[in-house]
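**Student:** Sequence order for the protein chains is A and B. When you line the first sequence up against my numbering, it's residues 1 to 530, in that order. When you line the second sequence up against my numbering, it's residues 1 to 293, in that order.
Any given hint might turn out to be false.
[To be verified] Computed footprint of chain B on chain A; a stretch qualifies when at least three of its residues, placed anywhere within it, have a C-beta under 8 Å from a C-beta of chain B:
1) 102 to 116
2) 212 to 226
3) 233 to 244
[Stated by the list, open to error] Cβ-Cβ distance ranges computed for the label pairs, FRET-style:
4) Val59(B) with Phe338(A): 53 to 59 Å
5) Ile45(A) with Asn185(B): 54 to 60 Å
6) Lys183(B) with Val493(A): 55 to 61 Å
7) Lys530(A) with Asn80(B): 36 to 42 Å
8) Gln383(A) with Ala13(B): 56 to 62 Å
9) Tyr196(A) with Asp44(B): 31 to 37 Å
10) Leu77(B) with Tyr196(A): 28 to 34 Å
11) Phe338(A) with Gly184(B): 15 to 21 Å
12) Ile377(A) with His135(B): 38 to 44 Å
13) Ala59(A) with Asn80(B): 56 to 62 Å
14) Val529(A) with Pro16(B): 33 to 39 Å
15) Ala59(A) with His135(B): 49 to 55 Å
16) His72(A) with Ile292(B): 46 to 52 Å
It is worth saying that the hints were derived from the structure and are not from the lab. Keep in mind the model is a prediction, meaning the values are calculated, not measured. We treat Cβ as the ideally placed atom computed from N, Cα and C, and that holds for glycine.
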Amino acid sequence: MSSAAGTMDHHDHDHHHHAPSGITRWLFTTNHKDIGSMYLWFSFIMFLLGGSMALVIRAELFQPGLQLVDPHFFNQMTTVHGLIMVFGAVMPAFTGLANWMVPMMIGAPDMALPRMNNWSFWILPFAFAILLASLFMEGGGPAFGWTFYAPLSTTYSSDSTALFVFSVHIMGISSIMGAINVIVTIMNMRAPGMTYMKMPLFVWTWFITAFLLIAVMPVLAGAVTMVLTDKYFGTSFFDAAGGGDPVMFQHIFWFFGHPEVYIMILPSFGIVSAIIPAFSRKPLFGYASMVYATAAIAGLSFLVWAHHMFTTGMPVAAALFFMYCTMLISVPTGVKVFNWVATMWRGSISFETPMLFALAFVILFTIGGFSGLMLAITPVDFQYHDTYFVVAHFHYVLVSGAIFSIMAAAYYWLPKWTGHMYNETLAKWHFWCSLISVNVLFFPMHFVGLAGMPRRIPDYALQFADINQIVSIGAFAFGLSQLIFLAVVVKCVRGGEKAPAKPWEGATGLEWTVPSPAPYHTFDTPPEVK
Amino acid sequence: MAAQQHEKYYVPASSPWPIVGAVALGLIAFGAGHTVIESKNQVDGWGTTVLFTGLAILVVMLFGWFRDQINESMSGLYSNQLSASYRQGMSWFIFSEVMFFAAFFGALFYARVIAVEWLGGASNNAMTNEVLWPHFEAMWPLTETPGGTTTQAMGWMGLPLYNTIILIVSSFTCHFAHVGLEKGNRTQLKVWLGITIVLGCIFLYLQGAEYVHAYQDLGLKLDSGVYGNTFYLLTGFHGMHVTLGTLMLIVMFFRVMKGHFTHDNHFAFQATSWYWHFVDVVWVCLFIFVYIL
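Start from the sequences and build out the full structure, keeping to the hints where you can.
**Tutor:** Here's what the structure looks like:
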């Protein structure tokens, strides 16, 4: 996008005000918008790639028996699908949104540490190239599930595991630097008058997310390091013969892993908390309680990790502790859902695509939350553990939760990013196709799960055949629907109806006070916030 | 907040170093992975070459990036706000380092309090012991593993105690150097900083000597069961951090000799000093939990 400096009436500013051109612009940039765009495109490419791996899985599971791929390749697909979607699609998409929106929302010129920002981004393509390259090595790539439980990842893994380990290391470095950048930007770059309790909720949720990232990504680094030394250097952290314990791996992994799942949903809460008030034409109900609820969820996320491990044989007291803490999370989450509904109450609602995705988010994320509550209950988890019920649960919160909120955000802010309105008809097609297919895809999984179909297995008993066929049809429909999204975005970037500074009547926030597309450097001097 | 203190924002110009750094990290990760795989399979390969190419590029990147930063800082381009951003960024980085060590301390506590005890039949695990390794008795330090590997424990007297004293003293000398800088007393700064560097080097030398002692005399090795694992990973990662901290202090020493830093503008020195105190605190935790208890 070109600079719209003329619309800014601030001081004279020297050099880097106009966007440089050519490839070096993207390689050397320190601009939060450029970096945000690169993050978003990278995440979309990863989304399509990880999605095609999911389609390999669903094609194999269309019928019982083994027809398309051999089990080892199937395991690699489930593993790399998970890794790519978590670390390559959802997290970079949120970081991209933070890059684009946080400086604009708090009245900052850019991120606090712009060069480190570019470094964080450019590590990602290398990390994922290494991960994907390992698939082509002798013995195949990672095949132990994205959770890489020992001893699957140590004793029984292929040679290429070291590449997986080091690729996760540099992904982690990227995430930590990205998170430090966001948190410092929020603490230090707010415009005068932008007090903490005036920050938009997207900024608040990212503030807390960044804290979670800095706290737990190093723990993931520790976990992969121990896997590396166990596999290659003769240590026995996860080997009982040497005094270690495979269950210890799960404790360390999930101490990272549970905050990680909130890392992938808290920014969604912020997005939805921006969109629902805008299209209900009412201020957000219970702003302060939203902030406190987010903080409470983040705090509790450190106390619930072992609910992923109820079947490992932990002491009853520990199981009860983790069960109650987990159920407690439904209180702040309930506050949030209540507040979104209360925001809409008696609002004059209109249903543009961002609002449709936000509404779908509220309903479908809540379904995922309810199945999570069921999974939280220790005794019944013994039935659900490692079945398709779990798969249904976390795809409801991650696909119809996190991914839907990212789509909502994209539609909501596309006019600000590109200066054009997107094609509403096509976008509505995208929404309805996605909404229907995502439920065809994931809802029936609850039933096969309850009936006992295990996850991560390429074959299944005959009685699950019908439902698996429905699920696979839903999967291909959902995958194809995302191509509509690609078309809408490409069309919108290339042209379309001119977008005004504030295309949404009820929208609030500093990002709508600047022209669309937003100037290359949004604020050279701090705006006044009252 | 600092945002009110000035009216115009500073945004650094674009720079080639981040992408160079990303290439470096990519080569390091790819090369390290292949090095590990090749050494396990005992084959010759190009892993090490890639790894060292990556490391060389990383060193070039660090020189180039810091050179640019220092030049910009010396020419007065930086605002107070940017300085605050650096300080906060460094604090959060140290917090992330704390969490990295927390993972290994967590493994130590879990192994000691839960894994080994349960293998010995504690809690309701009598049958675990009975069925798996009936002759195994829980103990810490774990000098005989269930699988039968034996070793000797590392005591805390002698080298570890000297090293503890050295690092704690070095934290104070580092602080005296910082005070000297803030008071504008360059001689005090140089002397105490030099002493800190020497103490850091002595620590590293003694740590190396301790590893030799452990391997040759005690039979305490990286693969000596979970006691040796936690011992070497915790002290090893700490030693790597001390190495990095010492290198940072040496860079600071050269910058001080060149006349850099003023009493109110010395973020790099302050960050190095924080880092040094951090590795010191980690060592105290190590000394207590790995050596004494």
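**Student:** Compare the structure with each hint and give your call.
**Tutor:** Here is how each hint holds up against the structure:
no. : hint                                 : result
1   : 102 to 116                           : holds (count 8)
2   : 212 to 226                           : holds (count 11)
3   : 233 to 244                           : holds (count 10)
4   : Val59(B) with Phe338(A): 53 to 59 Å  : holds, 55 Å
5   : Ile45(A) with Asn185(B): 54 to 60 Å  : holds, 56 Å
6   : Lys183(B) with Val493(A): 55 to 61 Å : holds, 57 Å
7   : Lys530(A) with Asn80(B): 36 to 42 Å  : violated, 25 Å
8   : Gln383(A) with Ala13(B): 56 to 62 Å  : holds, 60 Å
9   : Tyr196(A) with Asp44(B): 31 to 37 Å  : violated, 58 Å
10  : Leu77(B) with Tyr196(A): 28 to 34 Å  : holds, 29 Å
11  : Phe338(A) with Gly184(B): 15 to 21 Å : violated, 59 Å
12  : Ile377(A) with His135(B): 38 to 44 Å : holds, 40 Å
13  : Ala59(A) with Asn80(B): 56 to 62 Å   : holds, 59 Å
14  : Val529(A) with Pro16(B): 33 to 39 Å  : holds, 36 Å
15  : Ala59(A) with His135(B): 49 to 55 Å  : holds, 52 Å
16  : His72(A) with Ile292(B): 46 to 52 Å  : holds, 48 Å
Hint check: violations occur at hints 7, 9, 11; the rest are consistent with the structure.
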